[in-house]
Every structure is written in structure tokens, then in C-alpha cells.
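Undergrad: Chain by chain, the residues:
There are 2 protein chains.
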Amino acid sequence: MENNRVIIYDSTLRDGAQALGISFTVEDKLKIVRKLDQLGVDYIEAGNPSSNPKDLEFFEKVMKLKLNNSKIIAFGATRRANIKVEEDMNIQSLLNAGTEAVAVFGKAWDFQVTEILKTTLDENLSMIYDTIKYFKQKGKTVVYDAEHFFDGYNANSEYAMTTLKTAYEAGADAICLCDTKGASLPSYIGKVTKLVCQKISCAIGIHCHNDNGMAVAGSISAVEAGATQVQGTINGFGERCGNANLCTIIPNLQLMMGYECIPKENMEKLTPIARYVSEVANIIHDERAPFVGNCAFAHKAGMHADAVNKNTSAYEMINPTVVGNQRNILMSEVAGRSAVMSMINMVDSTITKDSPETKKIIERLKELEYEGYQYEGAESSFELVIRKILGKYKPFFELVEFKVIVDEPTVSSVSSSAMIKIKVGEQTEITAAEGDGPVNALDSALRKALERFYPQIAEIKLTDYKVRVLDSNFATASKVRVLIETSDGEEVWTTVGVSTDIIEASWRALVDSVEHKLIKSQICV
Amino acid sequence: MENNRVIIYDSTLRDGAQALGISFTVEDKLKIVRKLDQLGVDYIEAGNPSSNPKDLEFFEKVMKLKLNNSKIIAFGATRRANIKVEEDMNIQSLLNAGTEAVAVFGKAWDFQVTEILKTTLDENLSMIYDTIKYFKQKGKTVVYDAEHFFDGYNANSEYAMTTLKTAYEAGADAICLCDTKGASLPSYIGKVTKLVCQKISCAIGIHCHNDNGMAVAGSISAVEAGATQVQGTINGFGERCGNANLCTIIPNLQLMMGYECIPKENMEKLTPIARYVSEVANIIHDERAPFVGNCAFAHKAGMHADAVNKNTSAYEMINPTVVGNQRNILMSEVAGRSAVMSMINMVDSTITKDSPETKKIIERLKELEYEGYQYEGAESSFELVIRKILGKYKPFFELVEFKVIVDEPTVSSVSSSAMIKIKVGEQTEITAAEGDGPVNALDSALRKALERFYPQIAEIKLTDYKVRVLDSNFATASKVRVLIETSDGEEVWTTVGVSTDIIEASWRALVDSVEHKLIKSQICV
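These protein sequences, in sequence, are chains A and B.
If you count by my numbering, then the first sequence holds residues 262 to 786, one letter each, in order.
If you count by my numbering, then the second sequence holds residues 262 to 786, one letter each, in order.
The following block holds chain A by itself, in its conformation from the complex (with noise of 0.2 Å):
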């Protein structure tokens, strides 16, 4: 193994299983197991067959994958205390599963021994051994987990030393670290993980939980001092505040650090993938995560938007499409001008940042976000406010009345209906719908009022409905933000309205879609 090359070690499955929120079936686990593989991980942690049904049938099945760069590793305890190992079932179910490696987890902190194990210490020094033995005899590869193994150094040692020494005399082809509390300071993990290095012959390995936000940074200490393995999770899930984030580990020590993790192609899939496992684990992808996330590489700030179109290095710490990721250029009230800029081109590609209109522009944007707009993620909206202030915007109807009735209790299905009369050009539509509330409503009457003019309303559909409230302060008073995505099969858009009556920031919002629409296929005809 080359000086440079460090062991990825998956726990998604079984530690990140652990998770408050997560809990994967076993088709789950399986389409994980296949992303985990493409990234290109060394060991992919898959928990114990006789843990549960669910277990065992995923341990039947994942044996039967082809892998090209992972392999499957069986995790469990030492023995028991005071039974012979061939008499461990647990031990049994490691071995009948049939992986090429197995983790053994045993105690490294005299007082976990005494006191939750409830053996001696001798006696545990034995479990530790014969079950690494065992498994050596049996041909297997063994990473031997020497649990809370940080705060047992700090404890006694000496012990803990005793412990790792005899996984090595067993016969461990790894010896991992365990930040179990997660409470360990970088430079503690560093030190501790640089006498361990000097003194144990084999690979060391670190496992850190994320319990004084950490975790990340203690793997990276540990590795620099001597460790060439990380174990972690895939978007750092786990139980309580997480296990280390492979996500971020990964692009820190290859990217930044020169070490070799995973094969150079594969990098590029790491945001699609962590997003994936996000998707499937069914938690909402964190988009300020480092190089996954949606923001990662989204710049707001005037003085920093403006000075990343100039110089990408003077601001990014890598090209986000190495890592699968993109650059998100958004605008706000400290926005420069050149933030904004390429929403005007998309407009009128003559104007530019020194035209008057520009300056009209940014004002106008001063303006509407005082009064609670937010175009971040409503860039159509925002497209709209630049027509209306070229001049390049025609009103595609007029809204002559509109009135939403709530009735409580209902006496039909829905509770809200709304009756809307438009006018386009000389003639007028007055129609009706119903809706299970009074945006839905209001909504459908719209549509339905604008598609005797304009058919390809059809076409569109409302996809994601969010509001914010601003100024409680103020209460029911308070002014509203809706955002409303909406969809016509090809392209997903996003508009904003904003009032202090929840219709009414609806009923912008909904405006701004179908003009969006409309201005969309006037462009294309």
C-alpha cells in the first residue's frame, strides 16, 4: 500500500442505520450497497445477520451482488465473557455469513469492563483474543473496533494500550479507533492516534461520532497522524449528532490533502450519491453540507458574487463539478450588480451594469425584499420584475374580481371554493372552482378562467406550495411569503408572492406562474 492511500470504511448501513428517522428496508440497503460500491468504498459495514429477519434476509442477499470495489463486512461483538467462542452464537451467525472480513467490536476502558460488561479485566483481554483468533483460523480479514478507546487511554492507558496489543497478537489486519462519546478534541485524537501508530505494527484505523461537532476533523487529525483508515457514514448519519461524514472526508483528504480514498473518476459522483442515499433514507438532504450540498458552492454576499465571477480561486476551495456539484450564483440586498447581471442578460442581453436600468433594477429589488420578497429559489418572479421594468412585459389578463369562501362545517367534500371573473382583451370569463382549501381553490379557478384563452395552461401543474409568515410580531397581521413551484412536464419554475393576507401572496404568486407560462410559449411560438 502506497504511503498515501487511505481505507474507506462505509457504516451507513449499521452505524448510520442507528439513526433517529431512518429505518431502511432491505431493498434499501441494497440500492445503497450498489451507490456505495460505484463510489468505490473499501469495506461497506452491513451489520450482523442474526441482529433481526430483516438482517439476515439482507445478508442473503447482499452476498449475491456483484461488487466491483467494495467488499461486504460482517460487524459484532467480541464473545461473550466466559464462554468458549465456537459456543457464541452470535460469533456463529458472524462466520456463517460468509463475507471475506469481519468487524469484532470489543471494550478498550477498564471502567466499561467492571462495570457494563460486569467481567475482569483479564477476562476481556481473552474475549478480545479468541475472537480474533477464531476468525483468523477461519480465514477471515479482521478489523478489530476497540470501543470508547479515546476516553479509556484517558482513563487507563496503559490498559487500553494492552487491549489494542493483543488484537495484534490475535492476528488484526486493522485496529480501529473508537471516538465512541464523540467528546475527543482533534489534537487529543491526534496525539493518542500518533503513540498508538508508533507502538502497534498493523493499519489503525479511526471512527469518530459527531457529539462536539468534530468528528470530521478527528479522522483528519488521526490520519495525519499515522491512521490509514476512516470509518464514517455516508452524509455523516448516525445516531445523536451522527458519525463522521465520509462526504466531507473524502473530498478533504483526496482534494485538499493528496491522500488516495477512492478511485480519481469517482469523484464526481459523490453529491449525486450522497443525495441519493438522502433520498432513500427519506431525511432531507442538508444543503449547507461542505461540497454536497445545494449551497456549498452558492455565493451571496455582493463583494463575494462579485468577486468569484472574477476569480473562482479567490473564493472556492475546489471546482464544485469535481465533486458532482454546481455553482449557485444567487442575488440579495447586499448583492453587487454583477449578481444580478446574468438574470438581465437572460432578459436583454444589451443591458449592461453600468445602464440605468440596471441601477432601476437593484433599487427595485431593495425594495420589494424590504417588504418580505425573497427571489432566492423564485428567479422567475424575479425575471418578471426585470420585464416590467424594461418594458418588456404585456399583462396576459386582467383581474376584473375574485372571491374565496371558506365554509366550516362543510357540507359537500371541500370546504372552499372560489368564483373568479378575468378579463383578456374585450371579453370576460367568469367561472368557479372547488378546492380542499382556499389557495387550491382559488387556483383552480384561475386556470380554469385561463384556459378558454390560453390552452397550454393545461399543461401546468402545481408542484410544492411553502409559506413563510414574516414580522410575527404582528401576529395574524403579519405579512406572508408563498412560494409556489409549479411544472408543465419539461420545466420546473418557481414564483413568489407576498402580503399580509395569505390569498393575496398566493394569488401573486400564482400570477407570476401562469405568466411565466405564458411568456414562455409566446417566446417559443
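You may find that some hints are simply not true.
No copy is singled out in the list; a pair is fine if it fits within one copy or between any two copies.
Computed list of lysine to aspartate or glutamate pairs in EDC-like fashion (alpha-carbon distance at most 20 Å, straight line) [claimed, not checked]:
(1) K627 x E321
(2) K442 x E577
(3) K664 x E695
(4) K296 x E321
(5) K292 x E632
(6) K332 x E628
(7) K345 x E548
In short, the hints are calculated from the structure, not lab data.
Starting from the known structure of chain A, arrange chain B on it as the hints suggest.
TA: Structure of chain B alone, referenced to chain A:
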């Protein structure tokens, strides 16, 4: 200053406000300032009055607040190249903000001086010197932020150090080293900070960004190397992957490392304040956040939960109540009954965790949570659920009918009206009210109708109203969860309602809100 004192410098309202999806109103900022003062941070960075109308208004108001612990600090750039500092309008604006302290940022990286600012290395030094000197002469405390310091030091250590020395000679009270790109390893930050502390005699600070997922560790590393000021934001809010998270840094420094950051007695306010800021920012609180997330002390895996109950120091780094958090044993476990018991016992102290009623309540809770109810922060609604199951509830009124009408265009200054008919005993009351929006109208109408029977209703006032949309897959047919906060001047309580119809969801929360008041006044009578 004692050796272990670390100054906490909060930039939630400046750097944090640059985060995607965050747009603080003036009121939001003032609320957060009060909370930050309660927490006891040393500095609250409040932006630059000249940025936009909102910030100007904010400064005028914040300077009138009476703060007990924190100092407001205005933030801006060094003077522009080739003009006198007195002639720079942004500098004048900072001066006129009237704060005791100002934060000035300038370039430390030679490449940025020439390529981004497009000026000479010497002029940059003059810009730094002139600006700091100017503010010192005006009697301000000055914090100098060396932008991109670590990258600048890596590129040209001599020039980077010269910029710091210049700042020091001009009289800077503290010099903050900024890892603006967020790519520096904690070990590098520690190494360089140590060198700076050896060469520069004033206080040294650290300002990390989280692009590499190690902003907290970088900050900790800098403090270990001699820094005595840490800049960051609540919940790590900020551009891209965020800023250094003060809610992680403060407990690490103070509880794990023996430093003094905030008054001891304020540490238990950390979690409530973190959650409050998330609420005001309208950002979903990160429940996996160290120390202040709901999951931070939540144990799920069978083995760990068992061990936690046996011996908490085995698995918990600190007692959660120290940071105002609680151990969250999930409802899905037997141990979860205890989490609900205290609420049940507030209604009926004879109920135990083995009572059949407890089981019924937990079952009902699971059903309601499945439907989208969430009682965290809406305990008053859950209290009503408990009362209904325990038979300690009698309706105060019966709804006969309500109708809410929203009109556009508005003929008067309000767009919504609500008609309501209720029955109390044998008597019927029908009335109507207007409002800025449908919920406002309905709320006014309900209270108007109830006041005839229950005069104490006049004491209550809605103080906050939040809407969350669930199941966004189904667009406007999706469910909404409405949270209503009500006050009677003495107590503040929050209630919740869920429905596909926002009016109905609001109705349910409103009913719970008034019933809580009526039960309360009934008990007091």
C-alpha cells in the same frame, strides 16, 4: 483578562444573515439581539448602516436598546483605495452608527490586493493603517478582520504578517484571522495562529467558515494556539456551508476545555436560544446539531439506551440540562413514557407510567404525530389531548357555523371577513369581524363571539403565527401545520392545528388557544 477568557463575537446578524433562505426583518434582528444579550456574548456584529434602508432602520433602533452583557459592533471595509479616509462614505456611516466598537475588514492576501481590489500592496497597507487609526482617534474600540488570512499567509507569509503588524501599529485592539474560503485544516490554523500570537501583542481572534466541515475544529485549534476571541454565528448560519457554529464552540470551550466564554448561569439558555433563533430565521432547526439539537442526547440503539440508563457518563459527554437540552428517549421505546409523564402529571398527578390511561395517551400521540401534529413548542395543545383522554375536559362552546370570505379587489381597506355562529349552553351568538387576512378575521370573530360569555377572553392577544406545509408532494392539497402563540400578559402559550385547509388548521389552533385560557381561568376561580 484571565488566561482562560475567550471573547465570543457573534455575527449571526451580519455573516449569518448572508445565508441562503435567511432574510431578517428589522424586528427579527432586534429579537435576536435581545436573546444574544441574554446568552451573554461579548460582541454582536450588526452590519453596516449604509448597506440598505433595513440596516439603517435597524441601527437606529438597536442603539436604543438597553443591553446588559453585549456590545453592538458595526462592521465595514477599510477605506477604498486612493481616497482619504474622511471622504469614504462607508467609513462615515460606520462612524455615525454610534457604536462603541467597530470591526474593519481588510485584505491579507497579496493576490487579492492586486487582482480583486486592483491596487498596490503598499496602498493596501495604508488603507488598513488609515482606517484603523481614524477610528482609534475617534475613540472607538477596533477589531481588525484579516480577510483570507490563512490563504494569504500560505501564499506570501511576509506580506500577510505585515498587514497584521500594520493593523497593530495603527492601534487595533484585536486582530481576527479569517479563514474566508473555509478550506484551511485545523492543524494549519493552529500552527499559523501560534506564530501570529508570538509576533503580535494584541488579542488575536479566529473567524472560520465551514466549507471543509471543520470550522468548529479550526476555531478550537486557534484557541488552543493562543487566540482569545472566536467569531461565529448561532447554529452556524452563514453563506455556503455556514460559519463557525457558536452553539458548538461555546460548550466545547467552556464545558469540555475549561475556558470562560459566557456567564456560567447562562449556559442553560443555549438550547432555547438556539431554537429561538432558528424559529425567527424560519429555518428548520438542525436536530442533529451538537448540544442544541433534539437528537444530541437521544439514544436509540438498544445497547446504548440500556447503558445510558445504567450509567450516563458511559455515553453522554455532559448532562443535557446544563445546556438547556433534555435527554430525548424516543417515544417508540418503553422508556419514552417518562418523557410524557410530566405533562400527564401536570393534569392528573395520580396517573403513573403503568396506568392504562398513559398507554392510551401515548397511542393517541403516535396517531396525531403520524397525521402531522408536533407538540414540541405546542404543549398547550397536547395538554388538551391529555385532558380529553382523561375525561378532564368539557367544551366551552359549540361551533355552529363559520364562513370566511376573501375579496379581491378590496372595496374597503381590509380584504377578509368572517361570520361566526357559536352556542354556549342554550344561548347562541352570531357575529362577524374583518381582518387583514382570513385567519386574522376568523380569530377576531371567534374572540368577539366568546367575549360575551367569557369576558376574560378580552385579555388574550395573538402574538405569533407560523405555518408549515407538510407533504409538499401534493402541492396545495398538502397538509399545513399552524402554530399560534397567544399571550394574556402573564403567560404565553402555543397551540397547533393540522389540516389540508389552512383555515381549518388555523381554526383548530385558535380553538385550543382560547380553551387553554378558559381552562386556566376556570382553575384559578
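Undergrad: My question is about K292 and E632: at a cut-off of 20 Å on alpha-carbon distance, are they close within one copy, between copies, both, or neither?
TA: Answer is between; shortest inter-copy Cα gap is 19 Å, intra-copy 32 Å.
Undergrad: Within a copy, between copies, both or neither: which one fits K664 and E695 at a CA-CA cutoff of 20 Å?
TA: both (12 Å within a copy, 15 Å between copies)
Undergrad: Could you figure out if K296 and E321 sit no more than 20 Å apart (CA to CA) within one copy, between two copies, both or neither?
TA: Cα proximity of K296 and E321: one copy only (18 Å, versus 54 Å across).
Undergrad: Up to 20 Å between alpha-carbons, please classify K345 paired with E548: within, between, both or neither.
TA: Close neither inside one copy (49 Å) nor across copies (43 Å); limit 20 Å.
Undergrad: 20 Å Cα cut-off: does K627 pair with E321 within a copy, between copies, both or neither?
TA: Between copies only: 19 Å across, 48 Å inside.
Undergrad: Given a CA cutoff of 20 Å, do K332 and E628 count as a within-copy pair, a between-copy pair, both, or neither?
TA: Answer is neither: 48 Å inside a copy and 29 Å across each miss the 20 Å cutoff.
Undergrad: When Cα atoms must be at most 20 Å apart, do K442 and E577 count as within-copy, between-copy, both, or neither?
TA: between (34 Å within a copy, 6 Å between copies)
In the structure shown, a violation is registered for the earlier hints numbered 6, 7, in ascending order.
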